[in-house]
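Colleague: Required output: the full structure, derived from the provided sequences and hints.
From first to last, the protein sequence lines stand for chains L and Z.
Positions 1 to 389 (my numbering) are the ones given, in order, by the first sequence.
Positions 1001 to 1406 (my numbering) are the ones given, in order, by the second sequence.
Don't read these hints as lab results, they were simulated from the structure.
From a predicted model like this one, the values you see are computed outputs, not experimental measurements.
Even for Gly, the Cβ is constructed at its ideal location relative to N, Cα and C.
Hints are not guaranteed to be accurate.
Pair ranges (Cβ atoms, derived) [unchecked claim]: (1) Z:LEU1126 with L:GLU71: 39 to 49 Å; (2) L:GLU75 with Z:SER1250: 40 to 50 Å; (3) Z:ASP1358 with L:MET258: 32 to 42 Å; (4) Z:ARG1368 with L:GLY297: 22 to 32 Å.
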Amino acid sequence: MRSIALLAGAALLLVPALKGQDTTQAAPERPFVTGGVYDKPYLTRLLGRTALGGYAEAHARLERADGATEEFGFEAKRWNIFASTQVSDFVRIAAEVEFEDGAEEIKLEFAAIDVSISRQLTLRAGMLLSPLGRFNLAHDSPQNEFTDRPLVSTELLGVALSEPGLGVLGLFPLGATGRITYELYAVNGFDDGLITDSPDGTRIPRGRGNFEDNNNSPAVVGRMAWSPRLGLEFGVSAHHGAYNVFESEGTPVDQKRMLTIWVFDAEVEAAGFRVMGEASTTSIDVPSGLRGIFASGQRGFYLEAVRDFGRGWVRTMPRSFFSAGGRIDVVDFDRDLDGDTIHRYTAGFNFRPTRDTVLKLNYFRGTVRDRFNNPTEEAGFLFSVATYF
Amino acid sequence: MRRFFRRRATAVLGGAAVVLAAACADFTTEAPLEGDVFDGPLPGLTPEELAAFVRGDEDFGRAFSPAEGLGPIFNNVSCASCHSGDGRGRVENALTRFSQAGSLVQHLGGPQLQDKAIPGAEAEVLPAGVDVSVRLPPPVFGVGLIEAISEAAILALADETDADGDGISGRPNWVTPPAFVPAMEPGGGSGPQLGRFSRKAQVSSLLQQTVEAYHQDIGITSDFLPIENQNPLAGSPTDAADRVADPEISQSTVRAVVHYIRTLAPPAPGADTPERMRGRALFVQLNCSGCHVPQLMTGPNPIAALARQPVTLYSDLLLHDMGDDLADNRPDGSANGREWRTAPLWGLRLMRQFLNGDAFLLHDGRARTIEEAILLHGGEAQAARDGFAALGPGERTAVLDFVGSR
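Modeller: Pasting the structure below:
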């Protein structure tokens, strides 16, 4: 880990010297996932076939709830570094390491080997980004138009969600500009932490980090996306698998309890607006002794619309532009209750000196409701800077 | 500016700044009014008492996961998950107590049904042939004031033989606190103590109420009750499922929560409109106030905010025979199966606000309106109930308005 950090440091120093390639060359091939693993700008070719890059993100936050200040301070939110190597015409490997909240948490977010048999079929193995919704696959802060990630992604699904796995991905062109992409993996899946480590009722993110499959029963996760043209895409993702330990040394100790997650995502670019959204519904087979307290169904969505404007308004930065937009977040942690929900409305205003760097100013307002449906009014000002490097 | 920004940019950015400023004005989410909540501190607490209040508030709200010690068998995950906003609960959060002819039937899992269990443990199932009593969680605000009311003031209201012939014969529930309640603790000490808390006033001490709530309701062991509750009818050892070492919380956590509920203020009553004044007069005239005593006084108290305060709770904290309809036929302490502690009426004004618009009244939450609750009164309250039923519609409305504004 440390050596990667050192390498990254070295890379940082080299960047100005090497003048990292901006993405302004002849129309590059459309990436598999826009903003995804192999679509990082500023990836600097450092040593022959290896490219290095990363992104960093810092926040200033002022959050209030029911008239009291909940948070007023600064966060060195994340510092991520990625490397990718084209080993041969058919083999490539990419990795991403994340240092979160002042290195309180360091994790290998991605480290996978791709063996490309054809465009339609690539084998991928290693630490994968679960194809569970579009946002999980392309969640880099410099790309996200808002400071905070969508709540359905963080609270319901546990983005950034990566896990060890093995599977296939591929792409089928449709006409001149269209295509269908798929990813399908067997992964360790979630563990029963989504219940046993979760004081507030079922929380799927608490079942993450199942690095050695807890129940020797892999789960399946996949996404299929249809894109008639660039800037228009509809995806369906699903995760299905047992999360609990149901067998111990061959002896059945519980029944198999399944977790199923569906995510529907869409991206539409029209009339100067970029509209993105994701909706998810989950079902969890909760042990009988916990039913009524731990949710067996959850759901949520986000919908955002953003418009760029003011390209070159800042005379000193000819490639700069602004964007403004809004996002709606809704999370329902327990479908059987009126309460246990979050509703949030965010307005955002961004300035990008170049496409790869963004200054974001957000104001949000919302309501968090407890299980009794008692509301807490929330509001916040968030300012953040994020940049690729 | 002009050197950096084009003219259009200045205009748009200026506009954005104005919008932002407007957002700022609305930015400070508002705190609910002090008297409109169930979870505010008593006025006049010292900074130390307030600091302890805040600590206790956190623990009161803290939910336990199975990995943190929840269960093995339990009813809910935190104090706050039953007492909504520190007020009463919903019927879905009600507890079931059971026993058999005065025996707590611990060999059958009595005296409380824990119908939830963590993975690996077996939840309890109600055994056949037992006496059952369903208990709606009562509010927890104002319990420090209830605790601080002098014993003499409560006993002065007792009239076990109905010497005054008004048909009302309130009597105290004398209970023996468990050994873990220290003698210097209010409601503690050897020998019978005056019960004040819970539906049959079967609990004399807030410490006991809290320790047992952790132990019985949440399955959290403490220094006071360090051994997990069992399901004696389970085929597997109940506590093998709970891997957290006992005691799961310390004495200081329990003390913080006790301090918190002790220093919770009751909400303010609504304004006295002319109709409510009329309702109040009828309330006294019908002798509702014979049991729902409008005000009692606290005695001296180490917490200055609790000392010599009027407590406008509308209860005598005594037991009354409430007739067949309300009887649970299950004795509790020295309370028999027809007796209930007079339910305090404070906070009814805000009840629905904390129950998602619903109302749940009486010991088991069966009444869905105040009127229904009154009409279900019987026994010693039969005369008051009949008097209420005989009122004209306008007068009834006045009584309901008054009671519903407390």
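Colleague: Take the hints in turn and mark each one as holding or not.
Modeller: Status of the hints after comparison with the structure:
1. Range check, Z:LEU1126 to L:GLU71: Cβ separation about 46 Å, and the 39 to 49 Å hint holds.
2. Separated by about 32 Å at the C-beta atoms, L:GLU75 and Z:SER1250 break the suggested range of 40 to 50 Å.
3. Checked against the given bound of 32 to 42 Å, the beta carbons of Z:ASP1358 and L:MET258, roughly 34 Å apart, stay inside it.
4. Z:ARG1368 and L:GLY297 have their C-beta atoms about 27 Å apart, which keeps the hinted 22 to 32 Å range intact.
In summary, the one numbered hint that this structure violates is 2.
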